[in-house]
Amino acid sequence: MSDAGASFSELDARERAHALLDARSFRELLDPFERVESPHLPPQGIVPQSDDGVVVARGRIDGVEAVVLSIEGNYQGGSIGEVNGAKIAGTLELALRDAKRGRIVRPVLVLDTGGIRLQEANLGILAISDMHAAIVSLRECVPVVGIVAGRIGCFGGMGIAAGLCSTLIGTEIGRLGLNGPEVIEQEAGSAELDARDRPRIWSTIGCRRRREQGLIEVFVEDDAIAISAAMRAAFREPAKTFRSRDIDASRARIAAYALPPTGAAR
Amino acid sequence: MNRGLAWLRALADGSEGGNGTVRAADVSWDDERARLVCVVPDAQARFPRARAGQVGVEEGWKIAAAIRAAVDADAIDATRGVQPRAIIALVDVPGQAFGYHEEALGLHESLAAAADAYASARLAGHPVVALIVGKAISGAFLAHGLQAGALIALDDAGIEVHVMSQASVARVTRRSEEEVAALANVVPATARDVHAFAQLGALARLLGVENADVPTADDVRKARSLLLQTLRDLRACERGPADRLGNEAAGRTRAMSIRVRQLLEAQWDAPA
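Protein sequence lines, in the order shown, are assigned to chains A and B. To convert, count from 1 in the first sequence and add 1; that's the numbering used here. To convert, count from 1 in the second sequence and add 1; that's the numbering used here.
If you're looking for bench data, these hints aren't it; they were derived computationally from the structure. Even glycine gets a Cβ: it sits at the ideal position worked out from N, Cα and C. Mixed in with the good hints, there may be bad ones.
[To be verified] Per label pair, the in silico range of CB-to-CB distance:
(1) A192(A) / S16(B): 55 to 63 Å
(2) A192(A) / D31(B): 48 to 56 Å
(3) G64(A) / E179(B): 55 to 63 Å
(4) R209(A) / A267(B): 36 to 44 Å
(5) E35(A) / K223(B): 45 to 53 Å
(6) S26(A) / A237(B): 39 to 47 Å
(7) R172(B) / D249(A): 33 to 41 Å
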């Protein structure tokens, strides 16, 4: 693949995995020809996709064994159901098994997802809880690197998964949060947030802002080479502390936030 | 009244577990010590969108602090042979807080902190149980409950386990509410009641009670006995979320979760 210098956000999930792994090391697990797809969507009138929107790619990163889990934002908004959720959780569990045996496989999550797939509801939430457990265990052995650089961003239970990653890398395009703008507007009204107000949204939950807050570690250009370089650096120089354990500083940051006295959004 | 607080009071001999939106109380039962944790409504809470018992940007970090404090204290006492106390999440959470300020402050990281604390406590040898006494919904449930080694639920019509309100699912998926409700019969994972959730193999046990809102003395006795039994099981055999796939019901309803893992393992190493 010659993704050198390409805009990362314009690549599809498979191309992104290629761009991150060492040249010619890409080997896909459960590839589309195996047609391991969601059995829950056809009864609901939705056409399944033969990889269920997640690419599992083994390979190498700087010569070290690796696995990239790349979510396809263009299929059902990158939503997580039973099958693609099991692809991610199951892979992290295998990496953990190997790490405990002294064999390091570097795990990378390419997060382009709105969160739980509503059509698979509680199967999605269970898969995501499996993932959370695996990340918390695995990051004790090897950095778990997350990349938030796609057009969907990273939300819902997968926003929590991102919050557990050892190192997060983001770009101008990436957004990271729990509830996406449309969900906020729907649940709390447009006075709380106008989901069409793009500048306000990016200045609030965009990765540039997240870097300023310390909620991601690395902010880079939307460029495949730059992102790949940042990912390699994250493995060479692992984070020494985990953001999700930074309790006192986080509570102080929240306490210092100027909340409007009325509780109004603006 | 919030069921989490009702059960905390009942199980902890009337303790309120402090004040504010996150409560924690320690109990000693037989040879077990446990810290009970719940999230409760507070009309005076600083963030308006977390006043009805939601897990908001303060609550996730507060849950994490309550659990870490127990883990850290027990790590020191471990040198004197004290076993790590149990952590019990009492779950009645209507959802995460939906608000602009919450997102601005990083609600996802706050929920991650809570999930991390439960998972880390489990990895540090604390048996972690979640007792679902009311609503267990979406991000709030991921932060407060789902990282437990065992989930128990009251067998009660007031239990709800789902990822989004029926009205919102209808809007987002462009269906009528009637269609969404009917779907629960075709795809059990989209149902909301505790029996449907049990069918997914997610629950270690169901507990029948007389009064889920105001537990009777007998309800409390039964709950304590079931919790103790579950804690003994977890001390004998460490379990994590993925072990729910081993439940008999999961073999039927989460068959693809199991199959995908088998295929991954078979393909993990390149053919020689």
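Outcome of range test on Cβ distance (A192(A), D31(B); 48 to 56 Å): holds, 53 Å
Assessment of proposed distance window 39 to 47 Å (beta carbons of S26(A), A237(B)): Distance hint for S26(A), A237(B) holds at roughly 43 Å.
R209(A) versus A267(B) beta-carbon gap, inside 36 to 44 Å or not: Since R209(A) and A267(B) have Cβ atoms about 42 Å apart, the given range 36 to 44 Å holds.
45 to 53 Å as the expected CB spacing between K223(B) and E35(A), which holds or is violated: Given a distance of about 48 Å, which is inside 45 to 53 Å, the answer is holds.
Pairwise beta carbon distance, A192(A) to S16(B), judged against the given window 55 to 63 Å: violated, 40 Å
G64(A) paired with E179(B), Cβ distance criterion 55 to 63 Å: holds, 57 Å
Assessment of proposed distance window 33 to 41 Å (beta carbons of R172(B), D249(A)): Holds, at about 40 Å.
Against the hints set out earlier in the document, a violation occurs for number 1 only.
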